[in-house]
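Residue numbers (our numbering), protein chains in the order written: chain H, 5 to 221; chain B, 75 to 161.
FYI, nobody ran anything at the bench for these hints, they're computed from the structure.
Note that beta-carbon positions come from the ideal geometry of N, C-alpha and C, so glycine has one too.
Please note that the accuracy of each hint is not assured.
[Stated by the list, open to error] With a Cα cut of at most 16 angstroms, we get these calculated EDC-like pairs of lysine to aspartate or glutamate: (1) H:Lys52 with B:Asp89; (2) H:Lys52 with B:Glu104; (3) H:Lys52 with B:Asp116; (4) B:Lys82 with B:Glu99; (5) H:Lys55 with B:Asp89; (6) B:Lys143 with B:Glu104; (7) H:Lys55 with B:Glu104; (8) H:Lys55 with B:Glu99; (9) B:Lys85 with B:Glu99; (10) B:Lys129 with B:Glu94.
[To be verified] Here are a few chain B residues that sit away from chain H, every Cβ distance over 10 angstroms (derived from the structure): (11) Ile80; (12) Arg84; (13) Gln92; (14) Pro103; (15) Pro106; (16) Glu122; (17) Asp128; (18) Tyr131; (19) Arg136.
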Amino acid sequence: MALLITRHMKLQDRRIWVNGIVEYVSEPGSADKLFRSVYHHYDIDYPKFFKMDNLCKLAFLSTEILLRGTDILQKYPAEEVAIILENASSSLEYDQKHVESIRDRNKYFPSPSVFVYTIPNIMVAEIAIQHKVKGENAVFILEQFDPGFIYDYVSELFRNQQVSCCLSGWVECYGDQYQSFLLIIEQEDKIKGFKGLHKYVIFDTANMLELFKGKSI
Amino acid sequence: MIEDLILKLRKEIIDQLQLEGITPEEVDPEAPLFGEGGLGLDSIDVLELVVLLDKNYGIKIRASKEGPKIFYSVKSIAEYILDQQKK
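Build out the structure end to end from the sequences listed, making use of the hints.
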């Protein structure tokens, strides 16, 4: 059973690449300003976006861009679509924000809408809610993007026939430092009209690393 | 008096709940805050409103069953605040 990367996207340094081609370049500014500009550029209509923390905004936008024009959510049962992500800073920004809100016992007003984002898995939840995805999901905290870990974990999910499709990759955000790199992984025999590899990339560690670095394969 | 409080509350709610693209003037004080035709608030927003009343007005909501009545609309929140301030 061959696994293929059928689409990939990257958001870094104010630029968005889809399948290696630059699709959008934003004006300089903060991460928050960038995410708003991406939201409007892609004409997304989801008011809850503005209540998310920046980590979730990045994960949400990256998924919207990744899935745009694809039919994977119609093609596969919701229970067979997995979301497996990695990042380094977990939800640290909002963890710190929450700590600040409870530091002073005389001004003790923890915000529920801050507290709800003090767990990185919430970014998967936001994606799953928006797209009604019900398959396996997990977020792993690693020092840096680890394609080998993704390869092992996602391959095992397919081997155990738990999933038919997986959204996977790296979503990292802390302050104004952000980077996302997402992939759609599917089985070769489930790709309608499959006619060779010219449109796709074999799912393996080396290829993921090359795509992450922005090299074409 | 209640008109001034409603005006203030509309701005505070927009700020506290980070409602994008809505001005205070666009919030109908008598429209339901939740469900169809309202601001589309969710369960986390209710908790934020509880925090708002505590932080800005020193009012603690202790009985959760009072919630739906208090938080029905901006006007009902204003009436509740005025009622509590009389006590």
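Going through the hints against the structure:
{"no.": "1", "hint": "H:Lys52 with B:Asp89", "result": "14 angstroms, holds"}
{"no.": "2", "hint": "H:Lys52 with B:Glu104", "result": "23 angstroms, violated"}
{"no.": "3", "hint": "H:Lys52 with B:Asp116", "result": "10 angstroms, holds"}
{"no.": "4", "hint": "B:Lys82 with B:Glu99", "result": "11 angstroms, holds"}
{"no.": "5", "hint": "H:Lys55 with B:Asp89", "result": "11 angstroms, holds"}
{"no.": "6", "hint": "B:Lys143 with B:Glu104", "result": "13 angstroms, holds"}
{"no.": "7", "hint": "H:Lys55 with B:Glu104", "result": "24 angstroms, violated"}
{"no.": "8", "hint": "H:Lys55 with B:Glu99", "result": "21 angstroms, violated"}
{"no.": "9", "hint": "B:Lys85 with B:Glu99", "result": "9 angstroms, holds"}
{"no.": "10", "hint": "B:Lys129 with B:Glu94", "result": "22 angstroms, violated"}
{"no.": "11", "hint": "Ile80", "result": "23 angstroms, holds"}
{"no.": "12", "hint": "Arg84", "result": "17 angstroms, holds"}
{"no.": "13", "hint": "Gln92", "result": "5 angstroms, violated"}
{"no.": "14", "hint": "Pro103", "result": "21 angstroms, holds"}
{"no.": "15", "hint": "Pro106", "result": "17 angstroms, holds"}
{"no.": "16", "hint": "Glu122", "result": "5 angstroms, violated"}
{"no.": "17", "hint": "Asp128", "result": "7 angstroms, violated"}
{"no.": "18", "hint": "Tyr131", "result": "12 angstroms, holds"}
{"no.": "19", "hint": "Arg136", "result": "16 angstroms, holds"}
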